[in-house]
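S.K.: Chains as they are written, first to last, in our numbering: chain A, 19 to 297; chain B, 502 to 944; chain C, 169 to 467.
Treat the hints with care, since some could be wrong.
To give an idea of the interface, some chain C residues facing chain A are shown, with a C-beta separation under 8 Å as derived from the structure [what the hints assert, rightly or not]:
#: 1; residue: L189
#: 2; residue: F195
#: 3; residue: I339
#: 4; residue: W340
#: 5; residue: F373
#: 6; residue: L376
#: 7; residue: A438
Please keep in mind that the hints were generated in silico from the structure rather than gathered at the bench.
Even for Gly, the Cβ is constructed at its ideal location relative to N, Cα and C.
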Amino acid sequence: MSRRSPRARLAEAVRLLGLAIVALAWALPLIWTLAVSFHPPDEPLSASNLWFGSQPTLANYGQAFDIAPFAQYYINTIIIVGGILVVQLITISLAGYAFARFRFRGQNLLFFLILLQLLVPSSALIVPNYATIRSLHLFDTLVAVMLPFFGSAFGAFLMRQTFKTVPQDLDDAARVDGASWWQTLWHVYLPPARPAMIAFALSSISFHWNDFLWPLVVTNSQASRPLTVGLAVFTQLGEIGAQWPLVTAGTIIVVGPLLVLFLLFQRQFVESFLHTGLK
Amino acid sequence: MEKGTIPMGHHQPRAKRLSLGLVAAMALSLAGCSIGGSPSPSNVTLSFYYPVAVPGPITQVIDGYISQFEAANPGIKVNAVLSGGYPDTLTKIETTIKGGGTPPDVAVMLSTDLYSLVDSDAVQPLDSQIAAAGGDSFLGDFYPAFLANSKYQDHVWSLPFQRSTPVLYYNKDLFTAAGLDPSKGPANYAEMVADAQKLTKADGSQWGLEISSDGIPYWLFQSFVIGNGTNVVGSAPNKVDFDDPKVISALQDFADLSGKDKVMPTGILAWANMPNDFVNGKAAMIWHSSGSLASILQQAKFPVGVSYTVGENGFGAPTGGGNLYMLKGIPSDHVAAAWKFIQFMSSTDIQADWSKNTGYIAARPASYQTSAMKDYLAQTPQAGVAPEGLQYAGAELAAHDNAQIQKALGDAVQAVLTGKSDASSALAAAQQQAEQILSAFKD
Amino acid sequence: MAPIQVRPRRSRAAAWLPYLLLLPTLFFVALFTLWPTVLVVHDSLFRSDSSTPVPVFTGLGNYAALAADPAFRQVLINTIIYVAVTVPASVVLALLLALALNRRFRGLGLLRLAFFYPAILPMVSAATVWLFMYTPDYGLLNVILGIVHIPSQNFLGTPGLALGALMILGIWKQTGYFMIFFLAGLQGLSRDVFEAADLDGATRFQTLRYLTLPLLRGTTLFVTTIAVVNAFETVDQLYIMTGGGPNNSTGMLLFDLWQTLFSFFDLGKASAISVILIAVLLLFTVGNFIYMERRTTYE
């Protein structure tokens with residue numbers, strides 16, 4: 019790279035400023051939402067009264083919690099996301115191991131069948147999956163939200179790739195030592211697969227935390243609704259018109275903790291996205 | 502197995518509640534009050550689904566009513582389940598029934614859901630119970646407009662619970678400033694346009710009128726139609742009347758507001774934004790639900806007038822909101838208890854209290870004569886306007902396959918308001934579409 | 169030292185073991201992907217709605233009805249427009265941002281964060297925020313327009329603007345996500361090639377066109393695939409912001425699918441729409457794959 023001439027430095031500064039402005043524009047929606055959530059509820063919003071209002075207040079947050087059980091929604095979401103992840107980690111490890119280290123009849127066919135899950139997204143199948151859930155009498159349960167995702171083709175292939183990088187010798191050595199298949203899996207394959215599993219976990223968590231349509235379709239009461247559906251229902255209390263201070267407070271309640279967590283674990287988050295992507 | 506019977510917060514020990522109930526019952530009977538003539542059923546637990554469309558501590562209010570009911574009816578317990586919005590309640594019930602589960606005993610659903618519910622055999626008629634309670638004289642205690650969507654195939658299927666109509670809100674200060682009489686709103690469409698023209702500023706900072714057309718456009722449109730002397734509702738649930746000349750004229754009236762007369766902003770206005778625009782002074786008049794009164798009064802820094810929505814002939818409005826239905830397929834020993842609950846929730850005092858708490862119009866005229874309501878009206882006289890307007894109200898659009906029929910009409914309204922089509926072609930297309938959908942239903 | 173008992177390798181237990189290991193995954197994939205796909209194709213051939221509680225075979229009747237329905241044609245057009253605009257826009261913008269941010273400077277982390285955070289928000293919350301942003305008069309967007317003396321626009325209530333407004337939201341939400349992928353791609357490129365090009369006197373544009381872009385092909389393809397699938401699955405913002413209106417100008421496939429079953433109770437048509445959505449996505453994925461294969465064999 020050439021040395022920095024004053025002109026280059028100025029150009030650099032201008033570019034930086036430009037970027038900063040664009041970045042600010044990107045962040046503005048969130049900043050504004052946060053500000054309005056403190057706006058006094060009975061002061062109407064107008065072009066001249068857009069932000070905190072005459073005296074910022076926490077009243078909207080209190081009312082939001084009164085109207086909608088956000089705590090319940092958080093618990094539901096955590097159970098759903100956690101439940102899906104735990105089962106997924108088990109199924110993908112087993113499946114990945116099978117594909118990575120075994121030769122068996124029908125192997126390619128089974129691989130292809132599982133691959134189909136990547137070609138037909140679950141959102142296109144809500145109609146028949148909804149019927150399945152109903153016939154299993156699982157409508158309006160947390161399990162219904164989790165069930166379709168227990169098997170993950172993406173995870174299985176990820177584990178397969180990862181396991182394939184483990185040297186065969188280690189596997190053989192374990193066998194010679196008398197290890198059973200699950201001992202081999204646990205002690206030889208899983209430890210080096212940790213980064214991939216963490217990456218997969220972050221990807222799964224963020225997908226299912228933010229999933230909306232499927233939970234909307236299979237849940238119907240507060241006891242089983244996650245945050246996304248809870249927030250949507252909350253914003254649809256439309257009979258009397260938009261109550262923006264209230265709705266923005268509800269929105270912050272839903273995204274606030276997420277953002278804080280993200281801020282703290284920024285690097286891991288970003289790196290995990292990269293890890294899962296580039297293959 | 503039943504997904505609906507998850508108790509929501511009712512965890513007091515049964516023994517305690519039973520004894521409370523007995524004491525209350527004894528006290529009441531000593532006071533000379535009789536609690537229904539028939540012997541009460543023993544130990545029945547009802548499940549009750551209700552939707553919420555307004556923010557506020559609704560669950561607490563409902564829980565309060567239930568405690569009252571249980572105290573007066575020992576042996577009957579009620580599990581109330583807040584089931585989301587109206588569509589959620591309907592979906593949940595249809596799903597439970599189709600999935601072979603047990604439906605709730607009583608549910609609040611839109612009055613216009615009637616045909617869908619009867620088509621899917623989800624509800625049972627209330628004829629025998631109403632007859633035992635006094636028949637026509639019993640029904641006569643309710644506002645007739647609110648019963649308009651309850652009758653089908655010579656049966657009565659529901660009783661009103663949380664009902665509303667659109668009303669016209671106007672800014673009295675702006676009226677005075679424009680030289681208009683702030684004590685009353687416009688009496689018909691022509692007057693409304695004339696008033697709005699005086700209230701519209703050329704620079705766009707103030708509009709005379711705002712009427713929304715997103716979401717369910719057919720509802721506010723029905724005000725124009727009913728105020729024009731007709732209705733879009735057909736003579737039977739498999740008939741609609743979208744292309745009557747008066748309906749076409751009504752739609753043209755709606756479109757002219759932003760088109761020819763320029764008293765309203767162009768485009769599709771959002772229901773959710775109307776109250777904000779009103780209290781900001783951007784719109785001098787808006788059409789909105791009677792239930793928005795409390796929140797508008799809370800935010801407006803000017804005196805608020807309430808009047809009626811209009812068409813060419815004068816006042817006119819559809820009704821809206823939800824009724825109490827008794828579901829089919831509930832155990833036979835629940836039926837009597839469910840009827841008691843329905844009667845209780847649609848009774849004079851409960852309706853008065855519910856109206857005060859939510860802004861819905863009480864189902865019975867008698868509710869407005871209670872002392873509690875009279876005190877409230879003394880403080881908030883505007884709340885008395887909407888019930889008076891029920892004399893000008895007509896049935897809300899309801900037919901088989903309701904959602905699609907309503908969308909057909911709503912699309913026509915939006916097409917004309919956005920200039921994509923003219924009123925008569927749009928309505929002709931909507932009529933054709935509706936007839937095609939309804940032709941599958943034999944009535 | 170090896171223990172006394174030596175287990176035979178790859179015999180006995182090994183025969184059925186892989187099947188057992190695969191069973192859980194296979195079970196769920198079969199139940200929630202394979203079987204439903206068959207079911208939805210089957211159901212799309214029957215008329216099944218409020219007037220026809222017992223399904224009646226109708227062949228391609230549902231598809232014919234959809235093709236004849238102007239509202240559905242509008243939905244298809246909207247969906248295609250949305251995909252055709254948001255995908256290139258987000259990918260190009262993401263690449264530009266990545267190029268701009270691909271250097272060390274103070275505040276890089278903060279800038280990166282500012283662009284990336286929308287990706288971790290649930291779409292329903294982003295849609296709620298932007299519903300507010302687009303409100304006439306006091307919505308932030310109109311306030312900003314007001315500063316430059318452009319009159320307030322009814323973004324979500326004007327058929328010509330509403331889809332564009334949704335596209336802006338879509339781009340805002342996912343660009344940062346793609347930017348991160350491009351950043352990683354850029355940082356993975358070896359410096360030698362660029363230094364050689366620099367010594368040869370290549371302009372910045374030439375470097376970009378003949379060096380950077382081809383080297384980033386894999387990332388670009390990956391990011392584009394995600395963008396396309398996301399675009400076809402647009403639904404959350406429609407639920408919150410427009411309900412498919414005004415005048416069907418923002419109706420899109422997945423939302424239409426949901427509405428057809430859950431508002432209109434038409435199982436036959438909803439299944440047909442599902443099949444169409446699956447077919448479109450398959451077409452794209454397979455086409456993408458073939459394109460990728462062809463390009464790499466040319467290298």
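S.K.: Can you give the numbers of the hints that this structure goes against, from lowest to highest?
M.R.: 3, 5 and 6
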